Amino acid sequence: MQKEGQIRIPSGCAISAVISKSGKRMSGEKIVSSMVPVHDRSNGLGGGFAAYGIYPEHRDFYALHVFFDDDVCRADCENYLRERFEIVDAEVLPTRTMREITDEPVIWRYFVYPRRTRLRALQVDEREYVVRVVMKINSTLKGAYVFSSGKNMGVFKAVGYPEDVGRYYRLEEYEGYSWTAHGRYPTNTPGWWGGAHPFALLDYSIVHNGEISSYDANRRFIEMFGYRCTLQTDTEVITYIIDYLVRRQGMTYEEAAHVIAAPFWDTISHREPEERERLTYLRTVFSSLLVTGPFSIVLGFEGGLMALNDRLKLRSMVTGHSEDGDRVYIASEEASIRKMDEDATGIYAPAGGEPVIVKVKEGRRAAVGEY
Amino acid sequence: MKRVVVNEKWCLGCHLCEYNCAFSNSGMKDMVKALKGRDIFPRIRVEDGGDITFAVSCRHCKDAICVKSCISGALSKKDGVVTIDKSKCVGCYTCILVCPYGAITNDGEGAVQKCELCLSTTAGTPACVAGCPNRALTLDDDDIETADARG
Amino acid sequence: MGVEFIYPEFEVVRNSSRCIACRVCERQCANEVHSYDPDERVMLSDESKCVNCQRCVSLCPTRALKIVKSDCTFRENANWQSDTIKEIYKQANSGGVLLSSMGNPKMLPVYWDKILINASQVTNPSIDPLREPMETRVFLGKKPRSIERDEGGKIKNNLTPQLELSMPVMFSAMSYGSISYNAHKSLAEAATRLGICYNTGEGGLHEDFYVYGPNTIVQVASGRFGVFADYLDAGAAIEIKMGQGAKPGIGGHLPGKKIVGDVSRTRMIPEGSDAISPAPHHDIYSIEDLRQLVYSLKEATQYKKPVIVKVAAVHNIAAIASGIARSGADIIAIDGFRGGTGAAPTRIRDNVGIPIELALAACDRRLREEGIRNDVSLVVGGSIRSASDVIKAVALGADACYVATAALLALGCHLCRTCHTGNCNWGIATQRPELVKRLNPETGAERLYNLMTAWRHEIKELMGGMGINSIEALRGNRLMLRGVNMTEKELEILGISHAGE
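Protein chains in written order, with the numbering used here: chain A, 1 to 371; chain B, 1 to 151; chain C, 1 to 501.
What the hints contain is simulated information worked out from the structure, not anything from laboratory work.
Treat the numbers as computed from the prediction; the structure is a model and nothing was measured.
Hints are supplied without guarantee of correctness; some may be wrong.
[Stated by the list, open to error] In silico DSBU-like links for lysine-lysine, alpha-carbon gap of 30 Å or less:
hint : chain 1 : residue 1 : chain 2 : residue 2
1    : B       : Lys86     : B       : Lys29
2    : C       : Lys66     : B       : Lys29
3    : B       : Lys36     : C       : Lys156
4    : C       : Lys156    : A       : Lys359
[Stated by the list, open to error] Some, not all, of what chain B presents toward chain C, calculated at C-beta under 7 Å:
hint : residue
5    : Leu12
6    : Tyr19
7    : Val32
8    : Leu35
9    : Phe54
10   : Lys86
11   : Leu97
12   : Pro100
13   : Tyr101
14   : Asn134
15   : Arg135
16   : Leu139
Built from N, CA and C at the ideal position, the CB exists for glycine as well.
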């Protein structure tokens with residue numbers, strides 16, 4: 001049977017997220033619990049979390065979380081890494097042995113920074129350098145897979161139900177200002193940990209519920225710019241699109257949202273002239289990055305979150321906030337929000353294509369939404 | 001005023017209108033049975049002359065001279081359409097002589113015949129208009145008077 | 001007669017029990033097949049002149065006529081088929097190059113028919129185009145590689161001129177001369193009403209049609225017929241024609257007898273002179289020369305129009321496309337080997353070039369591998385026959401399609417493939433005034449409008465089935481396609497999986 005990456009596997013999902021606008025750190029306990037009421041949106045074939053602000057002591061280094069098939073692969077990969085990075089710290093990622101989680105790969109965590117000489121020789125910036133190394137490992141080094149590569153953040157994922165995955169990775173021991181969670185319902189049994197979500201590149205992480213119909217159009221376009229979609233998942237390609245638009249094109253998150261979930265031409269035609277020109281421009285120039293088909297995504301990035309639905313809102317997604325307004329919640333179902341905060345208020349279903357952007361400290365930054 | 005008008009720019013001179021007219025006025029259901037082996041007496045005629053062809057039929061003039069000249073009251077104007085009551089026609093052919101368009105003809109049975117817009121034969125469009133392969137014929141439904149309709 | 005005799009290809013079957021001798025067939029046949037015998041009061045036919053254009057069949061009011069293939073046969077021979085034998089006889093009779101019209105009729109693979117389209121089931125909802133927006137608008141032209149901002153941080157509009165189409169289909173080049181005034185007018189009028197474009201071909205633009213400029217692509221071909229400043233300024237885009245799918249590698253020849261009146265004036269050549277388009281552009285012997293012409297045309301039009309370079313699909317088309325993409329062209333049009341023509345040497349039409357499906361797949365892949373796919377738009381033609389062909393082309397990577405034969409069929413063409421005789425009974429491929437008037441452009445434009453509207457509905461239905469509500473999300477989306485009955489190599493070139501995979 002073909003595994004993830006050799007074949008495209010559609011899946012349904014549950015997502016949830018929480019962020020503290022004042023940057024207050026929260027343990028992973030709540031976000032793990034938010035996945036309990038939506039247990040049936042997953043089928044035990046993938047769950048995962050992304051956490052921001054969890055490595056303050058190593059905030060200046062890229063934290064690489066890596067799956068290895070075995071220690072031979074690990075040795076190869078470490079040689080490869082050592083040539084390209086200064087490795088500040090390397091350790092086994094702490095996990096808990098549980099009946100519910102089996103077939104574990106070897107999982108390590110590295111804190112690294114790029115070797116300056118190589119960086120200079122390549123004439124690229126530091127982040128581009130990290131992207132290239134991660135792409136190279138994931139597409140060419142057999143038995144090694146980097147699934148988290150940002151600074152002061154980390155992705156934790158596995159084959160299993162998300163609430164079990166959370167306990168497995170001991171997420172209650174981490175504290176972050178922003179968390180996202182994902183439970184997966186793939187229509188196949190790939191049984192590969194790399195295929196679970198969130199999918200991440202640098203500090204961008206995506207949790208996604210949906211099956212995008214534009215997948216191959218998006219993939220074949222984005223692969224022109226050095227990205228390699230080795231997993232054939234929507235989440236992977238959306239992450240690369242965000243990286244391309246925000247990091248490489250220098251767009252704001254809102255502009256990126258207007259590319260990915262571009263308004264209909266008819267909607268654009270009713271906007272004020274300047275706005276009309278801007279939206280027409282974005283849609284025309286980046287037409288191959290329009291994402292169609294159902295999706296609800298939460299994009300995590302350093303200092304914020306963005307939630308976005310497809311243009312027709314073909315997947316459920318609601319937002320809400322704590323009574324004091326500090327915490328913003330996003331989830332597939334309100335039940336997940338209630339589980340995190342019984343008193344959550346301002347429950348709101350963003351319209352299709354309407355980005356909800358929440359940033360730490362800067363406060364309200366939504367296009368139309370409540371935050 | 002209703003009448004069939006031709007745009008000679010698109011008239012191909014195929015004469016199909018004549019056959020469709022003859023068939024429509026035959027009262028029969030099958031064109032072959034109606035027209036095979038017979039000479040036809042259509043109420044629309046295609047004028048062939050070198051490079052230009054065009055079909056002509058009754059203009060249904062506002063002040064129709066044929067109606068005025070009819071000695072037996074067989075021709076009359078009803079709802080803008082010049083009609084013939086064959087039971088009254090005595091075959092004097094005055095109307096044929098006065099019609100400036102040559103749109104009235106002998107029906108071969110002692111009376112005259114003319115285009116009555118297929119009002120008594122088919123509902124809606126006259127057969128010549130419906131069957132014109134190049135939309136040269138149309139049913140005009142305005143009140144513009146024919147330029148030279150003296151009558 | 002004797003050794004030169006070739007038995008007529010068709011038989012005119014007249015049902016004498018139905019024929020009313022109305023003589024419509026006689027009047028409508030420019031080939032003079034039918035005649036009337038006043039003594040016997042019956043219609044006669046000379047089938048040796050019949051080209052099977054079906055004009056008489058279509059106009060016979062009693063359905064008394066049909067044209068059938070003659071069953072007078074040579075002795076069966078799998079190697080020497082009757083067409084081949086007849087061609088030998090014709091050449092032995094005349095000593096000339098055989099001429100043909102319209103696209104390649106041979107039994108060569110039509111890959112569109114081996115490609116199947118996907119639809120959503122369960123994991124992803126299909127979308128009902130009657131209830132939800134379904135977008136088919138496309139913009140053709142170069143897209144900037146990166147965004148730029150002004151001092152205030154606003155995104156600057158650094159987009160070069162684009163060709164906006166309401167759907168990814170255009171009418172491809174057919175010159176005034178090869179087709180009639182009324183055929184051109186029908187195309188221009190329909191393109192305008194549809195919000196798409198038609199293409200002048202290399203015969204210039206008749207003065208009456210300048211009003212259709214915003215929906216006109218003006219072509220510059222090797223003969224430069226009718227090209228001058230106003231002509232270039234009139235169009236929405238300029239197309240440099242390097243080649244044509246029906247006759248790659250050779251030019252065109254419109255015989256002097258078609259260069260009459262307005263055709264002569266529009267082409268800017270004397271009446272009665274043959275219009276000969278050279279095989280190459282004599283100012284383009286290499287890719288760097290093409291770049292000069294592209295920029296000459298842009299200079300001439302103040303960089304206000306996108307420039308299209310049209311080429312025939314030949315063996316190394318991917319490399320050629322890559323070269324064109326770097327020449328400054330905004331759009332590449334590729335014409336496959338089944339593309340139509342008003343006249344081409346039979347041997348060339350039937351044996352030169354490659355299928356558009358493979359050419360498109362190869363070019364799209366190559367441009368992506370080189371990272372320059374967004375620098376140009378790809379338009380493909382050469383036998384796009386239906387909405388599903390359009391969908392398949394877009395999913396393989398095309399931005400839009402060119403259709404010509406389908407458009408001519410809508411205008412009445414019955415594919416008798418004798419355009420080169422100039423006796424088109426449908427008023428399309430002729431300059432004889434009595435034949436030209438047979439195509440009433442009001443009817444023609446309406447039928448073209450109907451055809452494209454029908455295709456647009458079908459395109460939307462097919463997209464909706466796939467769960468795609470905007471055509472750009474289909475472009476290059478090869479996962480939406482599966483192949484049947486193909487070799488590994490064919491699938492590899494098309495970049496699609498086999499059905500069941």
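Going down the list of hints, with the structure as the test:
no. : hint                    : verdict
1   : Lys86(B) <-> Lys29(B)   : 22 Å, holds
2   : Lys66(C) <-> Lys29(B)   : 23 Å, holds
3   : Lys36(B) <-> Lys156(C)  : 76 Å, violated
4   : Lys156(C) <-> Lys359(A) : 26 Å, holds
5   : Leu12                   : 6 Å, holds
6   : Tyr19                   : 5 Å, holds
7   : Val32                   : 5 Å, holds
8   : Leu35                   : 4 Å, holds
9   : Phe54                   : 12 Å, violated
10  : Lys86                   : 25 Å, violated
11  : Leu97                   : 29 Å, violated
12  : Pro100                  : 27 Å, violated
13  : Tyr101                  : 23 Å, violated
14  : Asn134                  : 5 Å, holds
15  : Arg135                  : 5 Å, holds
16  : Leu139                  : 15 Å, violated
When the structure is compared with the earlier hints, violations turn up for hints 3, 9, 10, 11, 12, 13 and 16 and for no others.
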